[in-house]
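Between the sequences and the hints, there should be enough to build the whole structure, so can you do that?
Number of protein chains: 2
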Amino acid sequence: MIKVGIVGYGNLGRGVCLAVNKAKDLECVGIFTRRDPSSISPVINYPVYSTSELEKFKGKVDVLILCGGSATDLPNNTANILKDFNTVDSFDNHGKIPEYYSKLEKVAKDNGTLSAISIGWDPGMFSIARMLFGAVLPDGNDYTFWGKGVSQGHSDAIRRIEGVKNAIQYTIPKEDALDRVRNGENPELSAREKHLRECFVAVEDGADKARIENEIKTMPNYFEPYDTIVNFVSEEEVKKMQQKLSHGGFVIRSGKTTEENSEILELSLKLESNPEFTGSVLTAYARAVARLSKEGKSGVVTVFDVPIKYLSPLSEEELRAHLL
Amino acid sequence: MIKVGIVGYGNLGRGVCLAVNKAKDLECVGIFTRRDPSSISPVINYPVYSTSELEKFKGKVDVLILCGGSATDLPNNTANILKDFNTVDSFDNHGKIPEYYSKLEKVAKDNGTLSAISIGWDPGMFSIARMLFGAVLPDGNDYTFWGKGVSQGHSDAIRRIEGVKNAIQYTIPKEDALDRVRNGENPELSAREKHLRECFVAVEDGADKARIENEIKTMPNYFEPYDTIVNFVSEEEVKKMQQKLSHGGFVIRSGKTTEENSEILELSLKLESNPEFTGSVLTAYARAVARLSKEGKSGVVTVFDVPIKYLSPLSEEELRAHLL
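If you read the sequences in order, they're chains Z and F. Numbering follows this note's numbering, with no gaps: position 143 of the first sequence is 143. Numbering follows this note's numbering, with no gaps: position 240 of the second sequence is 240.
No wet-lab data here; the hints were simulated from the structure. Certain hints may be false.
Distance ranges between label pairs, derived from CB positions [what the hints assert, rightly or not]:
#1 F:N183 to Z:D205: 39 to 49 Å
#2 Z:A321 to F:Q152: 15 to 25 Å
#3 F:S102 to Z:N45: 43 to 53 Å
#4 Z:N45 to F:G296: 46 to 56 Å
#5 Z:N183 to F:N186: 28 to 38 Å
#6 F:P47 to Z:A191: 40 to 50 Å
#7 F:G296 to Z:E27: 31 to 41 Å
The structure displayed is predicted, hence computed values, not measured ones. Glycine residues also receive a C-beta, built at the ideal position from the N, C-alpha and C atoms.
Below, the structure is given as structure tokens:
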């Protein structure tokens, strides 16, 4: 059995719990939280400890699944944890991946540990599609569309506007753009042509809705480059929408093998629960990290480095006989 | 530069020529044929040799891309070639992969060579999807649909019927079944429910069309388990259809992360040229075989064993910075 620990218990930690529980070759030694452990009732009945107790588990856990955020948790904590443990995380700040990688690579090599970073669906599954599609169809373009799903960053940006009580923002891929890409047109697409932004906003009593709508629609980077729809709804409606964590998206590569012949490759995900699916991907890569570490591998790996056979509980013979 | 040789010059060999020509880090030492080399004018102006001259190239080529068929060419020849060369092939007889693997594994290990087998889109890209999707979404089912595209085996079967001059058979996925799978219904689908078979048949003058249609529709395994449409057309029409080598298909996995939440993962390919795309995949894996062999790896590998970074001409740093 592979022994895993789960660090952090928000939506993602909950998703990891569920995924570890489904994996017959994994056992969970515990959930580690910065909150009062007694305040947490995990979805699966695993023991809950304070993160301050982590060091007692050194040598007793094959891999820690880090469920913190990419803004501060992972950049601040992973390097320190990696001194004593193998880790897997979902670091998703694309622009800062090289810096994060370099920092962790040194720690991992110095300590003989192994870390899989940026695991999930984007980065993760979508990265595999972008890289693989580009390698097998070099003369072409790739397009990533996200949604329909909630963007936390855009929702937060709306909530910072004066007079807004609560808000949620959906990123929606435009069907017309998807169709053009799927038809092999290889279009140049602006941000506005690819995605629509739809906002549901609850405001304070007497707030100036026209001003708020204008502030949203003209917000640089976040909304100005897009067509944005603003709906004013009750706070209850926003809260209800916040319960549903569906998401998804598309990676499409369109390219030519000759002047005459186009080939279109597409990966699409339709997720009813973004954190449950991300937790499930993290769990499969936790299995890979435990195995690779046992083979003596150290350092930092991404989805580009890990042979996919390591993700499966099946033997190599079974994989070749049934899935090839 | 990675030095490749191309063994066999049919539709697939032609596709490999085109793909190697697009790869700036690969050079082609030659095309090897069992036919008279002077009878071949390759699509790219690479030198053409007789396969009997292959042995002169020992030590002068990093990997041979084998473009023979899976019925006899590859089972008969790969083991012998593998004594002296690294290879990559598109062996696609799914049921015989374990046997093919075992035979080659011994030869490769004894001779320190490396062979990537069953590379293409199915097996190949579709195998990656089946394995990866299953690992990250274990509680679910996967479905592979092929088409619309030509099945050579079914076309051959029709041509063996008395009175048939020529024929082509298209395998067509049923939209209704695709929709049910994409909706997360997790249906149990019979062969008849998944695919339709449409045949275009040219017959001898005075042939009994009713008998031929009946013989096709009742042919065990090939057509009996399916809804089959038979169209009688001229030989010219069949020949024209045989020029177009488009194909494609879908791998869809539908599964649950909890009782409430379904997740749907889908890979789809829409190929205007099946052999050109397959040749392009083989070429990317030829790059991987050359690199892995240089690192000292020997034996037999499949798409499950090769980290995808080896397929790309980009550096690991570039991949992390731009595609993760």
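C-beta pair N183 (chain Z), N186 (chain F): status relative to the range 28 to 38 Å that was hinted: holds, 31 Å
Is 31 to 41 Å a correct range for the gap between the Cβ atoms of G296 (chain F) and E27 (chain Z)? holds, 36 Å
When you take the CB atoms of P47 (chain F) and A191 (chain Z), is the distance between them in 40 to 50 Å? Once the Cβ atoms are compared, 49 Å apart, the range 40 to 50 Å for A191 (chain Z) and P47 (chain F) holds.
Do the Cβ positions of N183 (chain F) and D205 (chain Z) conform to the proposed distance bound of 39 to 49 Å? At 42 Å between Cβs, range holds.
Taking 43 to 53 Å as the stated bounds, is the beta-carbon spacing between S102 (chain F) and N45 (chain Z) within them? Given about 45 Å between the Cβ atoms, the range holds.
Go ahead and decide if the range 46 to 56 Å is satisfied by the Cβ distance of N45 (chain Z) to G296 (chain F). Holds, at about 47 Å.
Take a look at whether the Cβ-Cβ distance between A321 (chain Z) and Q152 (chain F) falls inside 15 to 25 Å. holds, 24 Å
Consistency with the previously given hints is maintained throughout, with no hint failing.
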